[in-house]
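Colleague: Chains as they are written, first to last, in the working numbering: chain G, 4 to 200; chain H, 906 to 1053.
Everything labelled a hint here was simulated from the structure, so no lab data went into it.
Take the hints with a grain of salt, since some may be wrong.
Here are the simulated PhoX-like cross-link-like pairs (lysine-lysine), alpha carbons at most 25 Å apart as the crow flies [said to hold, decoys possible]:
#1 G/Lys23 x H/Lys987
#2 H/Lys955 x G/Lys84
#3 H/Lys987 x G/Lys84
#4 G/Lys115 x G/Lys23
Covered by chain H, per the in silico footprint, the following chain G stretches (three or more residues, Cβ under 8 Å) [claimed, not checked]:
#5 31-42
#6 46-58
#7 69-80
Just so it is clear, the structure is predicted and the values come from calculations on it, not from any experiment.
For every residue, glycine included, the Cβ atom is placed at its ideal position computed from N, Cα and C.
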Amino acid sequence: MFQLTKIADLVQIAPAQFEKHSRVAIEDNINAKYSNRVIQKIGLCICMYDLLWSSEGLIGHGTGLVNVNVEFRLIVFRPFKGETILGRISSATPEGMNIRTDFFEEIFVSYKELPESCEFNHNEQLWNWVVDDDRMYYDKNEPVRLSVIDEVWHDQVPESTAEDAVEQAKKISPYSIQGTMMKEGLGVCIWWDDAEE
Amino acid sequence: MKILEAKSALLSNHEVFTFLQNQEREYQEQKRRGPGNLETLRRELLQYLKSPENPLSQDPPAYGEESIAKLLERLRPYDIQKGEMIMIMNLRPVNVPMLNAVLEDMEERFTAEEQEDICNGIQEVLGSFPPKAQEGDGDAMQTTEGGS
C-alpha cells in the first residue's frame, strides 16, 4: 500500500519560523506542502520519512525568506495493481459499490467486478450475493477486501481562471482506484475470516 | 519540485504504523504540532491501521519488526513474490480462501498441502485473531502467538 518516493524541492522558511530548529522548520514546511495531497502518477502523500540532504540557507532578496534546497523521502499511499487491501463499503448503486478507507475515499468496484450471482437489491439499495438460495449482503460500512485493478489520474488544472472552471476542475478526484471482488477470499471479510479448514 | 525516484522502496503497513506512532509520540513530547493537514491525515491513517479487521489492531502486538525475517525464512521453500509477501504481512491470511486473495494463480502454483503449510507458517510467525467469544465452538483452538 505504501512506498517511499525521493523528491528534491526548494523550501522557503518565513522569518516567523526562525525560532524553530532548522530541521523542524524544514519538516513542517514539507509536510504542510505535501501531506494529504496527491501528486499525479505518484500517489497520495502521507508525510516526510527522512531528510536526505539540505543546502545552506540563502536569504532571499527583499523577502527575508530563507531558501533551502532539500532532498527527502516521502511516505506515499499507492497500492500497486493486483494488491489486495481492506476498505469499507460507503454506498451502493446499480453500477457498483463505492469503498472508502478512513483516509482515502475514492475506491470503486464496478458491478462487472462482483461475483457472477450478485444482484442489486433496489429496496435496500445494496448488493446481494446469492449462493445456493442463500442471500448474503454487502452491507453499508461492512469491512471488505478488494484487489486493485486500475487507477485513474486526473490533473485538476482548470481550463481557465474563471471561478466556475476552477470549481469544476476540483470536482473530479485527482486519484481514484478501481477494484475487483471477483475472486475467492475477496468481498466481505466475515464471509472468509471464520472459514476453518 | 522534482521527483528523483518515484518508488525507492516499498513499506509494509507495520512500518508505516510504527513510523506514525513514533512521530505522534515525539511531537507530544516536544509539545509540537505539525501542520493541520498532517495531523488530520495521521489520525485517520492510524485509525485505519487499528481497525478491528487489521492485524495491527491487536494489543499486545502479535508481531514486530523481527517477524519479517522470520517469515521469509519460514516461507523460503515457496516461490512467493515480494509484493505478495508485503500483502501477507499486511493482511495476515491464515486460511486458504484468504491466502487465495493475496497469491496470484494460487491453485496452479501450490498444492493443497503447500497452501495449508503456508497458512500455518503465517500463523506461527504472525499470530492470529483470538476466536470470537460469542460463537459456541471454542473447541481447543489454541492460537500460536508470533514472536515468542
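Colleague: Each of the hints needs a verdict: does it hold here or not?
Modeller: Results for each hint:
This hinted pair does not check out: G/Lys23 and H/Lys987 have alpha carbons roughly 41 Å apart, beyond 25 Å. For the suggested pair H/Lys955 and G/Lys84, the alpha carbons sit about 24 Å apart, so the restraint of at most 25 Å is met. For the proposed pair H/Lys987 and G/Lys84, the alpha carbon gap of about 13 Å is at most 25 Å, so the pair holds. With a CA separation close to 54 Å, the supplied pair G/Lys115 and G/Lys23 exceeds the 25 Å bound.
Check result for the stretch 31-42 of chain G against chain H: holds, 7 residues qualifying (beta carbon to beta carbon below 8 Å, three or more required). Counting residues of the stretch 46-58 of chain G whose C-beta lies closer than 8 Å to any C-beta of chain H gives 3; at least three are required, and the coverage claim holds. Counting residues of the stretch 69-80 of chain G whose CB falls under 8 Å from any CB of chain H gives 3; the rule of at least 3 is met.
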